[in-house]
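Asks: The primary structure of each chain is shown beneath.
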Amino acid sequence: DSGVTQTPKHLITATGQRVTLRCSPRSGDLSVYWYQQSLDQGLQFLIQYYNGEERAKGNILERFSAQQFPDLHSELNLSSLELGDSALYFCASSVGGPKNIQYFGAGTRLSVL
Amino acid sequence: AQTVTQSQPEMSVQEAETVTLSCTYDTSESDYYLFWYKQPPSRQMILVIRQEAYKQQNATENRFSVNFQKAAKSFSLKISDSQLGDAAMYFCAYRPNTSGTYKYIFGTGTRLKVLA
Chain A
764 DSGVTQTPKH LITATGQRVT LRCSPRSGDL SVYWYQQSLD QGLQFLIQYY
814 NGEERAKGNI LERFSAQQFP DLHSELNLSS LELGDSALYF CASSVGGPKN
864 IQYFGAGTRL SVL
Chain B
166 AQTVTQSQPE MSVQEAETVT LSCTYDTSES DYYLFWYKQP PSRQMILVIR
216 QEAYKQQNAT ENRFSVNFQK AAKSFSLKIS DSQLGDAAMY FCAYRPNTSG
266 TYKYIFGTGT RLKVLA
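Protein sequence lines correspond, in order, to chains A and B.
Going by our numbering, the first residue of the first sequence is number 764, and it counts up by one from there.
Going by our numbering, the first residue of the second sequence is number 166, and it counts up by one from there.
In case anyone wonders, no lab produced these hints; they're calculated from the structure.
Mixed in with the good hints there might be a few duds.
Okay, derived cross-link-like pairs now, BS3-like style, lysine-lysine, Cα gap no bigger than 30 angstroms in a straight line [claimed, not checked]:
hint, chain 1, residue 1, chain 2, residue 2
1, B, K238, A, K820
2, B, K220, A, K862
3, B, K235, A, K820
4, A, K772, B, K278
5, A, K862, B, K238
6, B, K235, B, K278
7, A, K820, A, K862
8, B, K235, A, K862
9, B, K243, A, K862
10, B, K278, B, K238
Which bits of chain B does chain A cover? Going by a derived footprint, with three or more residues having C-beta under 8 angstroms, they are [stated by the list, open to error]:
hint, segment
11, 206-212
12, 266-279
Note that CB positions come from ideal geometry on N, CA and C, so glycine has one too.
The following block holds chain A by itself, in its conformation from the complex (with noise of 0.2 angstroms):
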């Protein structure tokens, strides 16, 4: 057990409807990161946020938005479902630094039917 926990773990849902994913970081860990991963590729990083703040932003959709709450959980937000939407979401955690890793969750699926 990583200590990341992610709800849902299986989310379907239909084209363009909206949905929330969230992320529960290990215990002093300051940093949450969102990664997808579609069929049978490797992990695409979308967001990074550092208590509260945005830190980075990669390849993420217009129609994707994420915000760490002071609590330090995070959610993502996916609105406008598409199809190629569907694929394994993942949430990291580090406590934050150039020597810390990145704990992972074990993920929400994501089906978009």
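Given chain A, put chain B in place with the hints provided.
Replies: Using the frame of chain A, we list chain B on its own:
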């Protein structure tokens, strides 16, 4: 741009034998980390081993070891005495130590099959 390349989509190894998975990367940075992650069918990302770029000594974790060639930008994973439980997708990842963000850049993965 920083990239990670895994040129072997799939590899097979006989149980108890040794297998090496390849990874190359491209960066202009001198300070970074490299990782190997295992992703079994459960989809959990499990850290196998990591290497700091400024350390010349190759990292080792039990049956797993790496061959880190900084000048060649190569980072291969050797699995010794392969076990059935080693069957999984293996991802190579690069992480710069650039101040501000420490995002990982992943390769496309190598699927390892272990034959009984």
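Asks: Name the hints, by number, that the structure is in violation of.
Replies: Violated hints: none; all satisfied.
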